[in-house]
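With the hints as your guide, set chain S onto chain R.
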Amino acid sequence: MSHRHLLSALAAIALAAGASVPAAAQAAPAVSLTSEVKVVRQVTENGTTREVMEEPAKVLPGDRLLFATRYNNSGSQPATDFVVVNPLPAAVKLARVDGFDVSVDGGKTFGALAALKVARSDGTTRAAELGDVTHVRWRVASIAPGASGNVSYFAEVR
Amino acid sequence: MFKGAQLNKSVTMTAASLVAGVASLALAAPAMAAGVAAGSLIENTATATYTAAAGTQTIDSNTVTLKVDEILDVATVSQESGPVAASTTAALRFRVTNTGNGPESFVLTANPAVSGNAFDATVTGLAIDTNGNGVFDAGVDTALTNGATSAVLAADGPLDVLVLVTIPANAAPNATSRVELIATATTGTGPAGTLFAGAGVGLGDAVVGASTARATAQAVLTVDKAVVTLNKSATVADPFGGTRPVPNAVITYRIVADVTGTGSVSGLAVTDAIPTGTAFLPGSLTLEGTGLTDAADSDAGQGGASGIAVQLGTLAAGAQRTVTFQVRIN
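Note that the protein sequences, when read in sequence, are chains R and S.
Final position of the first sequence in my numbering is 158; the numbers increase by one with none missing.
Final position of the second sequence in my numbering is 1330; the numbers increase by one with none missing.
Simulated from the structure, these hints should not be mistaken for lab results.
The beta-carbon is built from N, C-alpha and C at its ideal position, and this holds for glycine as well.
A few of these clues could be false.
Listed next, with one range per pair, are the computed distances between beta-carbon atoms [what the hints assert, rightly or not]:
| no. | chain 1 | residue 1 | chain 2 | residue 2 | range |
| --- | --- | --- | --- | --- | --- |
| 1 | R | R96 | S | L1195 | 22 to 32 Å |
| 2 | R | A114 | S | V1114 | 47 to 57 Å |
| 3 | R | A141 | S | G1190 | 48 to 58 Å |
| 4 | S | T1056 | R | K108 | 17 to 27 Å |
| 5 | S | T1130 | R | V52 | 44 to 54 Å |
| 6 | S | G1202 | R | K108 | 27 to 37 Å |
| 7 | R | R96 | S | A1197 | 27 to 37 Å |
| 8 | R | Q42 | S | L1203 | 21 to 31 Å |
| 9 | R | E51 | S | T1216 | 27 to 37 Å |
Dumping the calculated EDC-like pairs for lysine to aspartate or glutamate here, alpha-carbon to alpha-carbon at most 20 Å [stated by the list, open to error]:
| no. | chain 1 | residue 1 | chain 2 | residue 2 |
| --- | --- | --- | --- | --- |
| 10 | R | K117 | R | D101 |
| 11 | R | K58 | R | E156 |
| 12 | R | K58 | S | D1205 |
| 13 | R | K38 | R | D63 |
| 14 | R | K38 | S | D1205 |
| 15 | R | K108 | R | D132 |
A few chain R residues that don't get close to chain S, going by computed Cβ distances all over 12 Å [to be verified]:
| no. | residue |
| --- | --- |
| 16 | T49 |
| 17 | E51 |
| 18 | R96 |
| 19 | G99 |
| 20 | G111 |
| 21 | L116 |
| 22 | R120 |
| 23 | S121 |
| 24 | D122 |
| 25 | G123 |
| 26 | A127 |
| 27 | A128 |
| 28 | L130 |
Extracted from the complex, chain R is given alone in its bound form:
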């Protein structure tokens, strides 16, 4: 219960910070980002198992989470070259790649997971794995005025 309050308090801080930042650049650009998180539960009914998204009242290691970010252009002009970067919280591991680029070097470089390498301590490299991913990135060429959309990734609590 106490962390619900914390959550909303943090959200309020984030919104306040978000409101103050564009003051310098100002004017028309009015794209906003709204993040949410759900926990993915397996529900078996009448012998069939399906996944349901629930509010994360209880989170344990191994649980699968869906982090979703909604973008909305409430301005009067299109926003172009729209790039969303989401650093993964250290306590989670990317569960699967759903058509986005990833970084395994703290956001310095991005690419398809299969194309990325990770340095071993002895100087050699190995193919990057889901557990190595530090950031995910989505690109949207243009968001028309009034348009909105959603990007998301699945992660597992380490």
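Leaving out everything else, chain S in the frame of chain R:
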């Protein structure tokens, strides 16, 4: 943490700030064998950049924050590689590990009465093997009464527990007995998924994991002792070449000592009285077929009107000694 995440504005970030940001994230939420520590916060913030008429814009999402709840799990294993041979007392080595993701204490209960036991040992107490040497050092290792609660173990924390037992005197040589150690989480146990609301780290929930928050392991004791059995028999030779116990008939007594079990016995002596109505036949005492003098002297035996005594000394399990002597019926 929250500020650090906000720093990660993709395009403008320098390599140095990236490395610092990643390191601080990793420190904030250590992942262990049992998973992320209970009470850790999972905070997610997305950042976007885009181009608009006013130029390049950078915006952050709100930060969503989850707190990782506590999972209650425990593992108990015997650290004995095989049966523990003991004659009177033993310290059986176990290890209890907190396989949950938060600090937890455990009730430790040793049960010597396991179904199928040939005998049940007596649990005299438990001890925390503080110095990890596998034996109970009184005054060094922390003694606990059976059923006591351990100190709080950190997630992944192991605890070496000695179960101190005594073997009943009537336990047969080589008999085996199982002794089990049960560890249960003090927060609670139950089927996986059982919820203890508000009982976890930082007033989060505690949830029972796959172990049911209760774990049992068994160690096996075997009785390591030697046992002596004596078997006495008599044959009668009468003066007429028969076997009737008539006056002047000679009775040959044969006493066979068998040492069985494991180990050895020491100070073993065989004594026997001369039956009423008979008289010891001087010079008739033998050990393993070899004559012994009747006098109390350097050989192992002595005999006379009051009886016979043969000192067998120390004998290992498996040894057998035969003593004979004769009496004449009055």
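Original post:
Hey, R:K58 versus S:D1205, does the alpha-carbon distance stay inside 20 Å?
Top reply: 7 Å, holds
**OP:** Check the non-interface label on R:A128: least C-beta distance to chain S beyond 12 Å or not.
**Re:** Nearest chain S Cβ is 15 Å from R:A128, so the label holds.
**OP:** Return holds or violated for the Cβ distance of R:R96 and S:L1195 against the range 22 to 32 Å.
**Re:** 29 Å, holds
**OP:** Grab the minimum beta-carbon distance between R:R96 and chain S and tell me whether it stays above 12 Å.
**Re:** 17 Å, holds
Original post:
Is the hinted range of 27 to 37 Å satisfied by the C-beta distance from R:R96 to S:A1197?
Top reply: 32 Å, holds
Original post:
With d taken as the least Cβ-Cβ distance between R:E51 and chain S, does d exceed 12 Å?
Top reply: 18 Å, holds
Original post:
Regarding the assertion that R:L116 does not contact chain S, is the least Cβ-Cβ distance greater than 12 Å?
Top reply: 15 Å, holds
Original post:
Is the hinted range of 17 to 27 Å satisfied by the C-beta distance from S:T1056 to R:K108?
Top reply: Between S:T1056 and R:K108, where Cβ atoms are some 19 Å apart, the hint holds.
Original post:
Okay, R:A141 versus S:G1190 on CB: inside 48 to 58 Å?
Top reply: 53 Å, holds
Original post:
Are the Cα positions of R:K117 and R:D101 separated by 20 Å at most?
Top reply: 14 Å, holds
**OP:** With 12 Å as the threshold, tell me whether R:R120 passes as away from chain S on beta-carbon distances.
**Re:** With a cut-off of 12 Å, R:R120 remains clear of chain S, as the shortest Cβ separation is near 18 Å.
Subject >> Assessment of proposed distance window 47 to 57 Å (beta carbons of R:A114, S:V1114) >> reply: 54 Å, holds
The structure meets every hint from the earlier list without exception.
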